[in-house]
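Given next are the chains, with one letter for each unit.
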Amino acid sequence: MQRIGVFICHCGSNIAATVDVERVTEALAKEPGVVYAVNYQYMCSENGQQLIKNAIAEHRLTGIVVCSCSPRMHEATFRKTAEAAGLNAYMVEIANIREQCSWIHKDIEEATEKAIVLARTAVAKILLDKPLTAGETGVTKRALVIGGGIAGIQAALDIADAGYEVDIVEKRPTIGGRMAQLDKTFPTLDCSACILTPKMVDCAQSDKINIFSYSEVEEVKGFVGNFDVKIRKKARHVDETKCTGCGVCMASCPSKKGLNEFNMNLNNRPAIYIPFAQAIPNVAIIDPEQCLKLKSDKCGLCQRKCGVGAIDYKQEDSFVERKYGAIVVATGFRPIKLDNFNEFGYADNKDVVTSLELERLMNAAGPTKGTLLRPSDGKHPKVITFIQCVGSRDVSGCGKPYCSKICCMYTAKHAMLIREKYPDTEVHVFYIDIRTPGKNYDEFYRRAVEQYGVDYIKGMVGKVYNENGKLMVQGSDLLDNKQIVIPSDLVVLATAIEPDPSVRDIATKLTISIDTNDFLTEAHAKLRPVESPTAGVFLAGVCQGPKDVPETVSQASACASKVIGLLAKDKLKGNPCVSHVDENMCTGCSQCEQVCPYGAITYIDKEFRIGGGKTETRRVASVNPAVCQGCGACTVTCPSGAMDLYGFSSAQILKEVEAICKR
Amino acid sequence: MQEITTTHKPLIVAFCCNWCSYAGADLAGSSRLSYPAEVKIIRVPCSCRVNPIFVLKAFQRGADGVILCGCHPGDCHYSTGNYHTRRRMALMFSMLNYFGIEKERTRIEWVSAAEGAKFSQVMNDFAKTINELGENRRLEDLRCKK
Numbered sequence: 001m002q003r004i005g006v007f008i009c010h011c012g013s014n015i016a017a018t019v020d021v022e023r024v025t026e027a028l029a030k031e032p033g034v035v036y037a038v039n040y041q042y043m044c045s046e047n048g049q050q051l052i053k054n055a056i057a058e059h060r061l062t063g064i065v066v067c068s069c070s071p072r073m074h075e076a077t078f079r080k081t082a083e084a085a086g087l088n089a090y091m092v093e094i095a096n097i098r099e100q101c102s103w104i105h106k107d108i109e110e111a112t113e114k115a116i117v118l119a120r121t122a123v124a125k126i127l128l129d130k131p132l133t134a135g136e137t138g139v140t141k142r143a144l145v146i147g148g149g150i151a152g153i154q155a156a157l158d159i160a161d162a163g164y165e166v167d168i169v170e171k172r173p174t175i176g177g178r179m180a181q182l183d184k185t186f187p188t189l190d191c192s193a194c195i196l197t198p199k200m201v202d203c204a205q206s207d208k209i210n211i212f213s214y215s216e217v218e219e220v221k222g223f224v225g226n227f228d229v230k231i232r233k234k235a236r237h238v239d240e241t242k243c244t245g246c247g248v249c250m251a252s253c254p255s256k257k258g259l260n261e262f263n264m265n266l267n268n269r270p271a272i273y274i275p276f277a278q279a280i281p282n283v284a285i286i287d288p289e290q291c292l293k294l295k296s297d298k299c300g301l302c303q304r305k306c307g308v309g310a311i312d313y314k315q316e317d318s319f320v321e322r323k324y325g326a327i328v329v330a331t332g333f334r335p336i337k338l339d340n341f342n343e344f345g346y347a348d349n350k351d352v353v354t355s356l357e358l359e360r361l362m363n364a365a366g367p368t369k370g371t372l373l374r375p376s377d378g379k380h381p382k383v384i385t386f387i388q389c390v391g392s393r394d395v396s397g398c399g400k401p402y403c404s405k406i407c408c409m410y411t412a413k414h415a416m417l418i419r420e421k422y423p424d425t426e427v428h429v430f431y432i433d434i435r436t437p438g439k440n441y442d443e444f445y446r447r448a449v450e451q452y453g454v455d456y457i458k459g460m461v462g463k464v465y466n467e468n469g470k471l472m473v474q475g476s477d478l479l480d481n482k483q484i485v486i487p488s489d490l491v492v493l494a495t496a497i498e499p500d501p502s503v504r505d506i507a508t509k510l511t512i513s514i515d516t517n518d519f520l521t522e523a524h525a526k527l528r529p530v531e532s533p534t535a536g537v538f539l540a541g542v543c544q545g546p547k548d549v550p551e552t553v554s555q556a557s558a559c560a561s562k563v564i565g566l567l568a569k570d571k572l573k574g575n576p577c578v579s580h581v582d583e584n585m586c587t588g589c590s591q592c593e594q595v596c597p598y599g600a601i602t603y604i605d606k607e608f609r610i611g612g613g614k615t616e617t618r619r620v621a622s623v624n625p626a627v628c629q630g631c632g633a634c635t636v637t638c639p640s641g642a643m644d645l646y647g648f649s650s651a652q653i654l655k656e657v658e659a660i661c662k663r
Numbered sequence: 001m002q003e004i005t006t007t008h009k010p011l012i013v014a015f016c017c018n019w020c021s022y023a024g025a026d027l028a029g030s031s032r033l034s035y036p037a038e039v040k041i042i043r044v045p046c047s048c049r050v051n052p053i054f055v056l057k058a059f060q061r062g063a064d065g066v067i068l069c070g071c072h073p074g075d076c077h078y079s080t081g082n083y084h085t086r087r088r089m090a091l092m093f094s095m096l097n098y099f100g101i102e103k104e105r106t107r108i109e110w111v112s113a114a115e116g117a118k119f120s121q122v123m124n125d126f127a128k129t130i131n132e133l134g135e136n137r138r139l140e141d142l143r144c145k146k
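Chains A and B, in that order, give the protein sequences.
My numbering puts the first residue of the first sequence at 1, with every later residue one more than the last.
My numbering puts the first residue of the second sequence at 1, with every later residue one more than the last.
What the hints contain is simulated information worked out from the structure, not anything from laboratory work.
The beta-carbon is built from N, C-alpha and C at its ideal position, and this holds for glycine as well.
There may be inaccurate statements among the hints.
Straight line, CA to CA, 25 Å or less: simulated DSS-like cross-link-like pairs of lysine-lysine [stated by the list, open to error]:
1. K106/A to K128/B
2. K655/A to K9/B
3. K118/B to K526/A
4. K106/A to K103/B
5. K509/A to K323/A
6. K9/B to K30/A
7. K184/A to K369/A
Facing chain B, from chain A, some residues (calculated, C-beta under 8 Å) [stated by the list, open to error]:
8. I104
9. K233
10. I514
11. D515
12. P533
13. Q591
14. Q594
15. P597
16. S650
Based on the provided sequences and hints, a complete structural model is requested.
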C-alpha cells in the first residue's frame with residue numbers, strides 16, 4: 001500500500017496569488033493513497049526540502065507529489081531530496097501548477113480547481129510508480145567539436161588543456177571560421193588574425209587535438225558518454241601528410257578563375273589553392289568543379305610541379321569512425337542572402353557591399369591589400385553610407401525577426417577605421433536604434449560619433465539607386481522629420497546573420513532541437529544555456545544565437561568546462577525510464593525492432609516452461625537499457641502489448657487520463 | 001436526445017511531448033500567455049508514446065476534445081517518433097470520426113520549445129472549437145461507469 005505525501009509550493013506569490021493553496025492542500029489530503037499534504041512558501045529552498053525529508057521519515061512516505069513549477073525546472077532537485085531521505089529518486093511526481101496554471105489563469109476559483117485536478121493526476125500516476133534504478137555506463141574520454149571557428153577552437157583548446165583528446169571536424173579546408181575573415185575586432189580594434197591565428201597554431205601543435213579539416217559528420221549513433229560518430233573526410237586531392245604548403249602548385253595552376261570564398265568572392269583564386277596564408281592545416285586543396293585535370297583529364301601541371309608528390313587526382317572521400325564521450329556543436333553563421341532586398345541594389349551595383357565584404361576590402365591580406373577601393377572601378381570612395389538592420393528585426397517576412405546583435409558595433413568599427421585611415425572620407429550611418437550594451441561598447445560607439453565625426457542618421461533607407469555613377473541612398477531622417485538623399489560612392493549593408501545552413505542536418509543527426517529561426521535550442525534559456533536538450537551535446541557560438549567574439553569565447557569555454565566535467569567521470573548514470581518487455585506476451589514479431597530509432601531492441605531465443613515438465617524455446621524481444629532512450633515508440637507499436645515504458649507506463653497514463661476526466 | 005446545457009464545462013486532454021511541446025507550454029506559462037483552464041496537459045516522453053487507447057479512454061471518460069502536440073516533423077528528439085504519431089493518429093482520428101466523434105474534436109499540432117505563443121494560440125483555438133461543438137456525448141454514452 002502506497003503512502004503518498006503531497007507538497008504544495010507557494011513559489012512566493014507566483015502560485016499562491018492565483019491558486020488557493022490551502023484549498024488544494026485540503027482537497028489533496030482527502031485523496032485515496034495520500035497520507036500527508038502540506039503547503040509551504042518555497043519547496044525548492046533548503047527549508048522546503050528539509051520539510052519534505054522530515055515528512056518522508058515521519059509519515060513513512062513511499063512517494064511524493066510536489067505541486068510546483070515545471071518538472072523541467074525542479075524535478076531533478078526533488079528527486080535528489082527524495083533520495084537523500086532514503087526514498088527511491090523515481091518515486092517523485094511533479095504537478096506543474098505554475099507554468100500550466102497560476103501563470104496563465106487569473107481567476108482564483110478556476111486556477112484552484114485546475115491545480116487540484118493537476119495534483120490529483122500526479123497522485124494517480126505516482127500510485128503506480130515503481131522504484132527505478134539507473135544503470136551505469138562507461139565514458140569515452142574523448143570529445144568531438146563540430147565546427148572549427150573561434151567557438152570550436154576555444155572549446156577544443158580548453159578541453160585539451162584539461163588533458164582530454166579532442167577532434168575538430170571542420171567542413172571547410174581550414175579552421176578559423178568567420179573570425180579569420182575579419183579585419184579588426186571591436187571594441188579594442190586589435191587585428192583579428194593577430195589574436196586568432198596563434199590559437200589556430202596551438203590547435204595544430206597540441207598533441208591532444210586532432211583536426212579533420214574539409215570533413216563532415218556523416219552519422220551519429222549512441223548516447224552521452226558513448227557516441228559513435230562516422231566522419232567523412234572529403235577528397236581534397238592532395239595528400240595532407242605530404243603537402244608542405246609551399247604554394248608552387250598554386251602558381252603553376254592555369255585555371256585561375258575560381259571565386260575566392262575566403263575573400264567573399266571579391267577576387268579569384270586558382271583551382272588548387274590554400275584558402276589563406278595562415279590556414280591550418282597549411283595544405284592545398286583542389287576545387288573539383290574548376291580543376292581541368294579532374295574535369296576533362298587535361299593539364300596535370302600541379303602534379304608535375306609538386307616537389308613532394310602530394311597531388312593525388314584519384315583521391316576519394318574516406319571515412320573515419322570514432323567514439324566520443326561528449327560533442328560540442330559550434331557550426332557558426334553566415335550573412336543572409338540578400339535576394340529579398342532588391343531596394344538596396346546589391347545585385348545590380350558592385351559598390352553596394354555587405355559588411356563582411358567590407359572587412360575583406362579593408363584587410364591587408366584581402367583583394368585590395370588593405371587599401372579601401374571600390375570594387376567597380378578601384379577608386380577611393382569619398383562618401384560612404386552604411387545601412388544598419390538589413391534583414392534584422394524584420395517582421396515583414398523578408399528578413400529575420402531577431403536582432404543580429406553584432407551589427408551596431410561592427411558598423412561603428414568600420415566607420416571609425418575608415419575615418420581614421422582616410423580622414424577626408426564622409427561617413428553616414430542609417431540606423432533604427434543603436435544597441436551597444438557590453439563592456440566598453442557604448443563608449444566605443446560614442447567615440448565614433450564624438451571623436452571621429454561619423455554622421456549617424458536615425459531612419460530607414462527606402463531605396464538605393466545608381467544615378468550617373470553615384471549611388472543615391474534615399475532614406476528618412478526621423479529626428480529632422482525629412483526625406484534625404486545621400487549621393488555615395490560606396491554603400492555598406494549591415495547584413496543580418498543566420499545559422500550556417502549545415503546546422504539543420506547536424507541537429508537531425510544529433511537529435512537536438514532548433515527554433516523557428518534555425519538557432520539550436522539550449523536545455524534551459526537561463527540556467528542551462530550551453531547544454532542542448534540531448535545529454536552530452538553542448539552548444540557554442542552563433543549556432544545557439546547571435547553573439548560577438550567575446551561572448552562566443554565565453555560560451556565555448558563554458559562548454560569546455562561542461563565537457564571536462566563529463567569526461568572526468570568514469571561512470572555515468574543512465575535514464576532508467578526505458579522500455580521493457582513482458583516476455584510472456586511477446587510474440588517475437590519484430591515490429592518494435594523496426595520502429596526503434598536506436599537499435600536498442602534485439603531478439604533472443606529463450607526457453608519457457610509450458611507445463612507438464614516441458615519447455616519450449618521462443619524468440620522474444622530484448623531491450624538494451626543502456627541504448628534505449630525511452631521514447632516509447634515500441635510500446636505503441638507492439639501488437640500484443642508486451643512492451644511498456646518505466647516511468648510512463650500505459651497503466652499510469654490511462655490513470656492520468658481518468659483523473660483528468662473525472663468530473 | 002439530451003439537451004445541451006450552457007453550464008457544461010468542456011474538458012480537453014492535451015498530450016505533450018517532453019522535449020518540444022511541453023517546453024512550449026512552459027514557455028507559454030512563463031510568458032503569461034493564457035489559454036483556457038479546461039486544457040489539462042499530460043506529459044509523455046514523445047508524441048509517439050500516445051497509444052490510441054489513451055485517446056479512446058479520454059473520450060470514454062467524457063473528454064470533449066483530445067489534442068496531441070509534438071516536435072515539428074524532422075525535429076523529433078528521438079528522430080522519428082512524430083512520424084509514427086502522424087500516421088497512427090490520422091487513422092485513429094478518421095476511425096473516431098466514423099464512430100461519431102467529430103474530427104474537429106481531435107487534433108495534432110507541432111509546437112516547438114520556442115513556440116510559447118503558438119502553444120497558447122493553438123490551445124485557445126482548439127478550446128474555442130470544442131466550446132462551439134458543445135458537449136461530447138457519443139462515446140461517453142458507452143463509457144463504463146464504475
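A quick look at each hint next to the structure:
As the CA atoms of K106/A and K128/B are separated by approximately 18 Å, the hinted pair is consistent with the 25 Å bound. The straight-line distance between the Cα atoms of K655/A and K9/B is roughly 21 Å, inside the 25 Å bound, and the hint therefore holds. Restraint check: the Cα-Cα separation between K118/B and K526/A comes to about 21 Å, which is no more than 25 Å; the hinted pair holds. Between K106/A and K103/B, the direct Cα distance comes to roughly 31 Å. Violation of the 25 Å bound is thereby established for this hinted pair.
For the hint linking K509/A to K323/A, the alpha-carbon distance of about 15 Å falls within 25 Å, and the restraint holds. For the hint linking K9/B to K30/A, the alpha-carbon distance of about 24 Å falls within 25 Å, and the restraint holds. Between K184/A and K369/A the CA atoms are separated by roughly 14 Å; this keeps the pair inside 25 Å, and the hint holds. Of the supplied interface hints, the one on I104/A holds, with its beta-carbon coming within about 4 Å of a beta-carbon of chain B, less than 8 Å.
Interface hint at K233/A: violated, since its Cβ lies 25 Å from the closest Cβ of chain B, which is beyond the 8 Å cut-off. This hint holds: I514/A has a C-beta 6 Å from the nearest C-beta of chain B, less than the 8 Å allowed. Proximity of D515/A to chain B holds as hinted, the smallest CB-CB distance being about 4 Å (cut-off 8 Å). Interface hint at P533/A: satisfied, since its Cβ lies 6 Å from the closest Cβ of chain B, which is below the 8 Å cut-off.
Hint status for Q591/A: violated, given a least beta-carbon distance of 11 Å to chain B, over 8 Å. At about 11 Å, the closest approach between the beta carbon of Q594/A and any beta carbon in chain B exceeds 8 Å, and the interface hint on this residue is violated. With its C-beta approaching chain B no nearer than about 4 Å, P597/A sits inside the 8 Å limit, and its interface hint holds. For S650/A, the shortest C-beta to C-beta distance to chain B is roughly 6 Å, which falls under 8 Å, so the interface hint holds.
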